[in-house]
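Visitor: Let's have the full structure, built from the sequences with the hints guiding it.
In order, the protein sequences belong to chains A and B.
My numbering puts the first residue of the first sequence at 1, with every later residue one more than the last.
My numbering puts the first residue of the second sequence at 1001, with every later residue one more than the last.
Since the hints were made in silico from the structure, they are not lab data.
Just to be clear, a hint being listed does not mean it is correct.
To be verified - As a list, the in silico SDA-like pairs of lysine to any residue whose alpha-carbon atoms are at most 20 Å apart:
no. : chain 1 : residue 1 : chain 2 : residue 2
1   : A       : 127       : B       : 1188
2   : A       : 393       : A       : 338
3   : A       : 72        : A       : 127
4   : A       : 57        : B       : 1184
5   : A       : 185       : A       : 153
6   : B       : 1206      : B       : 1108
7   : B       : 1177      : A       : 32
8   : B       : 1221      : A       : 275
9   : B       : 1194      : B       : 1066
10  : B       : 1221      : A       : 283
11  : B       : 1016      : A       : 283
12  : A       : 72        : B       : 1188
13  : A       : 303       : A       : 338
14  : B       : 1194      : A       : 19
15  : B       : 1221      : A       : 289
16  : A       : 127       : A       : 114
17  : B       : 1002      : B       : 1108
18  : A       : 231       : A       : 201
19  : B       : 1196      : A       : 20
20  : B       : 1194      : A       : 79
21  : B       : 1244      : B       : 1206
22  : A       : 185       : A       : 160
23  : B       : 1016      : A       : 160
24  : A       : 211       : A       : 41
25  : B       : 1002      : B       : 1054
26  : B       : 1016      : A       : 393
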Amino acid sequence: MSGSDRFQSHDYYLLDELLDEEHLIARDAVRSWVTQEVSPIIEDFAERHACPTHLFKALAEIGAFGPSLPAKYGGGGMDEIAYGIIMQELERGDSGIRSMASVQGSLVMYPIYRFGSEEQRLKYLPKLASGEFVGCFGLTEPDQGSDPGGMHAHFREDGDHVILNGSKMWITNSPIADVAVVWAKNEEGVIQGMILEKDMPGFSAPEIHGKWSLRASITGELVFEDVRVPKANILPGVSGLKGPLSCLSKARYGIAWGAIGAAMDCYDSALRYSLEREQFGRPIGGFQLTQKKLAEMITEITKAQLLAWRLGTLANDGKASPAQISMAKRNNVLMALEVAREARQIHGGMGITNEYPIMRHMMNLETVLTYEGTHDIHLLITGMDVTGLNAFK
Amino acid sequence: MKILVCISKTPETTSKIKFSEDATELMEDGLQYILNPYDEWYALVRAVELKEEFEGSVTVINVGPASNDTVIRKALAIGADDAVRINVEPASAMSVANHISDYATGKDYDLILLGKESIDYNGSVMGAMLSEFLNLPFIAHASGLTKGGDAWEIERGITGGTERVRVNGTVVVSAAKGMAEQRIPNMRGIMMAKRKPLEVIEAENKASSLETVGYAYPAEKTAVKMIDPNNMEELVRLLQEEAKVI
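Guide: Right, dumping it as structure tokens:
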């Protein structure tokens, strides 16, 4: 199991000078929290393929759920850069812990806030913000991943209820969720969102076992067999694919920041190891091939930090386009995965053990590369954005 | 209950310390700063706990430039109600104590708290100087502090045990480990801190009789020496002549 957390942050381009006081205080607060609450336990939970569910309440206490939502609904009233920095620090600990927070905040609280009625907001948001409720988000289906518009989940009207049928797959938090924001088609084939509660008859959420990635995060299915959902639970503010896609933009934005955290943890560990590990009578950090790896890692991390920061300023101004978010998510996640792979090499054989966080981050990042829009799909989004031509189908 | 907590800014513990070429100045480029842990974890958190239990207010005070505002805001995020910054470069412990006592005089604080030391210069003198200037009693290195009736009940570690003292009236207390547990500010506290008052008081630096003439790095750690277990004489010689511990 890994020893004490010796993480030191790296700010090669003095980006702290671009951040406000509140960002720096939030960053240090979440960093301290991760060092105290996540680092000491995460290797053990990941090894046991168990979710540290006690951290839901703790994440709520530090304000990691919906930090950029208004305080009236239990949010923190912070800006998008603060939200990004919180995700970065959580993912420095583990992508699964960041997933807990980004699903709760961006995929559950955000759609209820953005598209929900005032009654829905007041009923669900404070409980989600406080961790009393765990939420999940149902969009992906067993046969519909990159093409969510072809979803099969559907519902029909039945008085003041709708009857929902279908299933969802790869749903973070679903087996332990109290509420689920589910997207399904109405009788006209139009996608709508609705809030399901765990005890609704016909609704179940079996766990998916055997993951070699995000092992400290719980993942499952959502199964709907004639679930009677009150019409009052349908999100009134949106219809069509833009509903779930706007939630994904929010979550992808957080991932663009979060991946930097995982990369920073790998780089920091590799740098320290390269200065402590001696071969041929001197630290391996003194050899050119190690320096090439380290120099390229910090260069790529710095570029990713700049991309995320600029995206944050655009998001604060309400100007971050989904395509810009795709570019940052795609670039930063691959960057993190490549940094993890290089860091693994610098650690030599030790890099494959749980004495160091490298393999855990690397395995996690394989999921992060695929979920919330795959690496290839994000490329096609950029391609479509610059050419105006759709290469999806 | 009115509590004043003195806070200082110190380099983050993993920061690499560098001096100027002539070793007369600390180079601040690239240094990351934090709220001094003894001031934060123990003095400030205990003050906030006392306020929550007995009602009242907690004011934090810092002597330093505007770049200290980040650590001051953190103190407000943890739970202080308002803050004061005396806008001068801190010249010495004596000078800082003078500025704080000038501010605190006549303000009827019930308690003045600070960490037992700052983790940069580790002087441990601020509390004593402050109590002298304010003509107040001083309890150093306290590991417990509560209110019992009209008196303060204070605990501090002594050789082989714990000493308990009672003090009537206002007292200056320097806080050590054990007085409270670290509180990580939450996001709502951080946002509320933006709206809490931070008063900046302009001042002239007090004359200081202390001048730093130079710095030096500690000797580099040397590798572990392995000594044959049968060669006790060599071990004793090294402990006496090199390590100089026996």
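Visitor: Where does the structure disagree with the numbered hints, that is, which hint numbers, in rising order?
Guide: As far as the earlier hints go, 2, 6, 15, 21, 23, 26 are violated by this structure, in ascending order.
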